[in-house]
Amino acid sequence: MSTTKNTKMMHALPVAAYTSQEWFDKEMELIFSKTWQFAGFIEDVAEAGDYISVQAGLNNIFIIKGRDGRLRAFHNMCRHRGTQLLRAIGKGKKAITCPYHDWTYDLEGKLISIPKKEEEFPQLKGELHQCDLNLHEASVDIFKGMLFVHPDKDAPSIMEYFGEVEPYLGPHIVEELVEYSESETEPVYAKEINANWKIIVENYIDHYHLAHLHEGTLNMYDHAKAEFGWIGPHYWFYEPLVPEYAADVKNASPQPLIDSVPEDKIGAYVPWLFPNIGLSEGESTWSTFHVTPLAPDRTLVVIRSKVMNVSEWEFTKQYTKSSMHKVWKHYGNKGKYEGDPETDPMASGDFMAEDVYACEQQQKSLQSPLFSVGAQAQRGEYAIYKFQSVVKEWMEKHQDK
Amino acid sequence: MSTFYNLKVIDVVQETSESVVIAFDVPYELYETFDYKPGQYVTLKFNINGEEVRRSYSLCSSPVLEEPLRIGVKRVKDGLVSNYINDNIRPGDFIEVMPADGRFYADVKKSNYKTYYLFAAGSGITPILSILRTVLVTEERSYVYMFYGNKSEETIMFKKELDTLLQDYGDRFILEHTLSRPKAKWSDLWNTKQEEYRKGRVDEKSITWFINEYPLYAQNAEYYICGPGAMIANTEKALQQIDVPSSRIYKESFGGKVVQQEVAAIANAALNARLNGKSITTTIPQGKTILRALIDQKYNPPYSCEGGVCSTCKCKLKEGKVHMHNNLSLDEEEVAAGYILSCQSVPMSDKVTIEYS
Ligand SMILES: Cc1cc2nc3c(=O)[nH]c(=O)nc-3n(C[C@H](O)[C@H](O)[C@H](O)COP(=O)(O)OP(=O)(O)OC[C@H]3O[C@@H](n4cnc5c(N)ncnc54)[C@H](O)[C@@H]3O)c2cc1C
Ligand code: FES
Ligand code: FES
Ligand SMILES: [Fe+2]
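First to last, the protein sequences are chains A and B.
The first sequence begins at 19 in the working numbering and counts up by one.
The second sequence begins at -6 in the working numbering and counts up by one.
Excised from the complex, chain B in its bound form (with noise of 0.2 Å):
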């Protein structure tokens, strides 16, 4: 499952000052394997001042056109692996890649005849864009109304492809922009031409204005919300305000920014693992997480994100108490059935005893 293939890097572009789109060579006989749907990520494995790490980033490529897997990353401050990736990768260079996975995604059919809202703050416009012009190319009939916020004019991502879409698309496809730091420019002194942004964030007030000016025609509306932290609960917000059911509504979180409160997690608790079929008895140690003690002692349990978002390294819980960091994949009734993210669990009993499916 967590199998790494090693892909080629075949192009590096520079999307905005803080990001860069890096496109990877497919070989022919893994086709299948690396085969996605709209909204899925892959996940990339490098090995930084000695550490493994892994990260997950969102395919802004569209499956159904006969391109290179794409994926736009933005530097995070003092991000370890996506400053790494600005920094370093060049053309030529070879990354550990795992093949898409995740439950973000449209699922796009050719028959379909729907409305498309798509909510992307910052770098969350990666699955959004991919969903688009799937959507776009493959629904000759769909409409996408999308809302997009960002800082400023110069951090807009793929600012040039959206507004192609535009030209070619606008009879079904529109596209606001919000910015919550525009800047002021010399040109604006004389430059009366209507506004091309709104200003302020992606936030309750600006969703509802955007749902009210923007009526669905096709009746059959999903709604898709991609970007950091606060950005995709006030969205989700706002849309059961006004009574959108969640079963109509998609989210992806890109982790990060969690406040995470401190708990007293147990030093040194015994750890039973039943992993790949074996049993594994270990200890974690102070400050480790389950995944973490796992990995350090050269085991191999399943995980991509370790954000606590994908819910790769799922878990049951069958003996003892874990506090979870940061659970944002499992819902209520897997909680209760048992299930613990491993990447986000630290033990707060002595003995901890878990099973890996």
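Bound-form chain A, shown alone (with noise of 0.2 Å):
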């Protein structure tokens, strides 16, 4: 049983590959401890002091922005007995100290001082710094207004991971824009979903099923002019607006349009960068789509949109305007089908949550002993088959090192 299991294939993986703890570790170690990692917008970190820590695969992570205005990051993990040092957002100065029993570092991570080092700590001699009980360093950088961290202080260059991408992805200046959320302090979507990560990554970039799944719901894009493609490891997505949006997208957009986006440019640009982070870049919104593994079957989506730096006032004339134009009595917010649209997701008119739907009942069908991949359409469904090479390479290449 348990060998016709793991010999099973989803595209390039293994099926074990979305359901083992083992998988999941390989992962945590191979993947998600070896790449850049979303850490958040830079606003997050805005003044001289300000921090943040951030989960990087096995490694907890803190950035912390000095006067100069440079970026630090490092490992958030005490040289003395392993306490974490930060915890989430607040104020802090020209150190570093671990609460535990109070180790102190300076910006650079240097240890600075010790209590009572004479005499609880004679084998520690000449200066602290040159003790080898530094913090460990990381790396940190920024790519289209977004933080990313890396566990490894010598880290590629944020650049050399993202620039070749970079042409492919929307023309939004990013650092524009503003954050749009109901809450001050919550994003607009967070949400444990019960499947594994990649399965959602797959259903991301899954173009086959937008005509489909969500046929009454993102069908103001036209899924027919899609264009998509890899560079590297990354993948790009560009699709206009269907052509009676497209006519009128100024008075019919529910949002005031993003005005870097030069007018022939206008469409929805959903790449997915390798591993976990989406962006989803449209016309009068800009979104982060950010995946935590949590276990084999559990992963956390977190979604961030941003929208342009406007009044509430012009907010409000677009959503007034955008709200009686005729293109909404056939585009978007139906439901595939008919039915109570607070229990079924199919008839919400949402099409996150027919995603989430599609995507947990997929893997409740990875324990069935009849579960296969029943046949991979060739050009809607290549980049599943793709990122699953790339997942694997990925680990390979990682795992001789």
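It is worth saying that the hints were derived from the structure and are not from the lab.
Treat the hints with caution; some may be incorrect.
Unchecked claim - Straight-line C-alpha distance at most 20 Å; calculated SDA-like pairs for lysine to any residue:
no. : chain 1 : residue 1 : chain 2 : residue 2
1   : A       : Lys112    : B       : Thr201
2   : B       : Lys103    : A       : Met177
3   : A       : Lys354    : A       : His230
4   : B       : Lys344    : B       : Gln279
5   : A       : Lys112    : B       : Pro238
6   : A       : Lys44     : A       : Ala30
7   : A       : Lys52     : A       : Ala173
8   : A       : Lys162    : A       : Glu184
9   : B       : Lys103    : A       : Glu178
10  : B       : Lys291    : B       : Thr274
11  : A       : Lys112    : B       : Gln233
12  : B       : Lys103    : A       : Glu184
13  : A       : Lys112    : B       : Ser239
14  : A       : Lys354    : A       : Ala242
15  : B       : Lys198    : A       : Gly87
Both chains are given apart, each in its own frame, so use the hints to dock them into the complex.
Printed below as a string of structure tokens:
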């Protein structure tokens, strides 16, 4: 039984890659601890002294901004007995201290003081910062207004990682946009989904499902005109608006149009940046879709959204114009099936609910002895096969090191 | 090591009324010998009024562009060599040049993604220009933020070249000029266009303004400083005030303007020197440095700037005491380990024993 289960394939990966703890642990080590990981927006660490900490695979990394405006990243782990030094968001100054025994480090991670050093640690001779007890450094950088961290202090630069795919992403100037959310402290969307993280990625990059699962929700985009491809480990995707929407997008768009996108470039840019961050760069909103694996069959999805930096009044005007627009009689917001929108995701008219539902239902079947992938759409599902190959190759490549 | 080559001057351009730019032809077989990193200097040797003199000049050309070696030399008031060069050097002349050296350089790589803050004042632009051009051409994604101080508009070296770079690389290159003594112009009376220049020196205040005005985007930042005396110290201090770690700061001093404190050096102290495997015994005449004493005796000790800057003349003090007039290159650890700059050292004991490595 277990042998048949292990050898069964999805597309390029075995089914076990979606269900076993062993695979999950390997991915944490070989993928999530060896890639640039999304850590938030630049405004999360806006002022000197601001800091945040984020999980990047097996590593907890904290980012702190110095008065020189430069971000520093260290492994969030005191060199004394390993305590995580900084938690959550708050104000720090010129030093980093560990609350446990007050070991203190400077902004370069150098150990600068230990209480009772002479009495208790006679073995530590000379300058403290030369005792090999400095914080472990990590890397931090910015890409498109987003913070990224890498557990390795000598990681290849973020532009070596993302530079080649950048021209295929949306022309949005993200730094000019502001975050939008109902609540001050929470992102627009955060949900634990009962599916392996790769199921969710595969759903995100699955062109084949757009016209079907989302036939009533994402139909304002012209799926037939979609263009997509791969640059290194990253996937890029673009599709224009349907002609009727495009013709009067200024009035029909539910939010003010993002003005850094030239008129002839308006559309939906929906790339997937390896391994776990998708972007959704549209005509009026710009969002990150961040996937954090929690267990082989459990994944946290957090979406953060940005919109134009204009007044509340501009949004109200735009919303009023849009809500009466004839385009929305035929496009968007309609459930695939008739039913109760509150209880049936397929009647909700909400494409996220549709996707979550599809992912969870697929994960359930992976247990079945009869499960197999019947066939693969050669254009519409090529990305799924390719993504699995990238995962496989990345793990093999880093296994050797 | 300190081999000089006779290089032909192929071009001399009057850059400003106080400076010239000199281009050298490097013959094919010397290409490798004269390879350099952006920021490094070459040392020139002259015989002026019967005395051999050497001076260092930073290369302002870029090693990645196929172009001749170039240096920019600015007149120093009453300066021997700088005025000699400005007054006498013509295309076709030959000059003795020692290949490039120096620890002030940028390690430029195509794959780098960095922010370079460049601070230059006066003739300190020369190595900065080399770094600037090399980075912009090689590192397609790196950013350069440059702050450049001069006395007045007429004294700005490489103004045209910088303007061209701004045009070509405006999306990644920012340049702010500051003038300490801007001259009022007639045209200012009817010229209302936005000011192109800040007023004031490259000092703590202006640097803090600059850094806040142009925050870094690529987080791997490096800071390069080159200029006369106080400018380097001021810039470094301003950067340290905001916690820029010294490991990211690179600086080059051109020497000069040191207040030489009078020290009572020992007259005719005995000198024992080990140089190139030979033992030399001689005396150091009153007022001479160890290096000059050796040169006067027709020995060939290593040196280039004779200004306490380059550390080419470094040797180890084995016995006795010395005073260093000006040490701009040895760090505390080296001094603690007994290293001295022979071009700056006068004897403070009757006997001094040194060893060149
Ligand atoms: C590593 C290095 C790189 C250099 N690169 C350049 C360069 O690219 N372009 C350039 O023009 N010069 C450069 N210099 C300076 C140059 O080597 C000479 O010091 C300078 O040309 C003055 O020499 P001089 O013989 O004319 O003056 P000297 O006759 O030696 O000195 C005359 C007087 O001027 C003072 N003085 C000497 N040097 C300076 C100075 N730099 N600024 C102010 N006062 C000074 C002296 O203290 C003395 O009082 C560099 C120096 C070093 C060490
Ligand atoms: S664990 Fe941090 S000081 Fe002890
Ligand atoms: S010759 Fe340059 S420091 Fe002495
Ligand atoms: Fe979907």
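Against the structure, the hints:
1. A/Lys112 / B/Thr201: Cα-Cα ~18 Å, so holds.
2. B/Lys103 / A/Met177: At roughly 11 Å apart (the allowed maximum being 20 Å), A/Met177 and B/Lys103 satisfy the hint.
3. A/Lys354 / A/His230: holds (8 Å)
4. B/Lys344 / B/Gln279: holds (14 Å)
5. A/Lys112 / B/Pro238: This hinted pair holds, its Cα atoms lying about 12 Å apart.
6. A/Lys44 / A/Ala30: Within the cut-off at roughly 17 Å; holds.
7. A/Lys52 / A/Ala173: It holds: about 9 Å lies between the C-alpha atoms, which stays within 20 Å.
8. A/Lys162 / A/Glu184: Given pair A/Lys162, A/Glu184 holds - Cα atoms ~9 Å apart, limit 20 Å.
9. B/Lys103 / A/Glu178: Distance of about 10 Å is within 20 Å: holds.
10. B/Lys291 / B/Thr274: The hint holds at about 13 Å.
11. A/Lys112 / B/Gln233: Between A/Lys112 and B/Gln233 the Cα gap is close to 12 Å, so the pair holds against 20 Å.
12. B/Lys103 / A/Glu184: holds (17 Å)
13. A/Lys112 / B/Ser239: Holds: A/Lys112 and B/Ser239 sit about 16 Å apart, inside 20 Å.
14. A/Lys354 / A/Ala242: Answer holds: A/Lys354 to A/Ala242 is near 19 Å, not above 20 Å.
15. B/Lys198 / A/Gly87: Measuring from Cα to Cα gives roughly 16 Å; hence the hint holds.
In the structure shown, no violation is registered for any of the earlier numbered hints.
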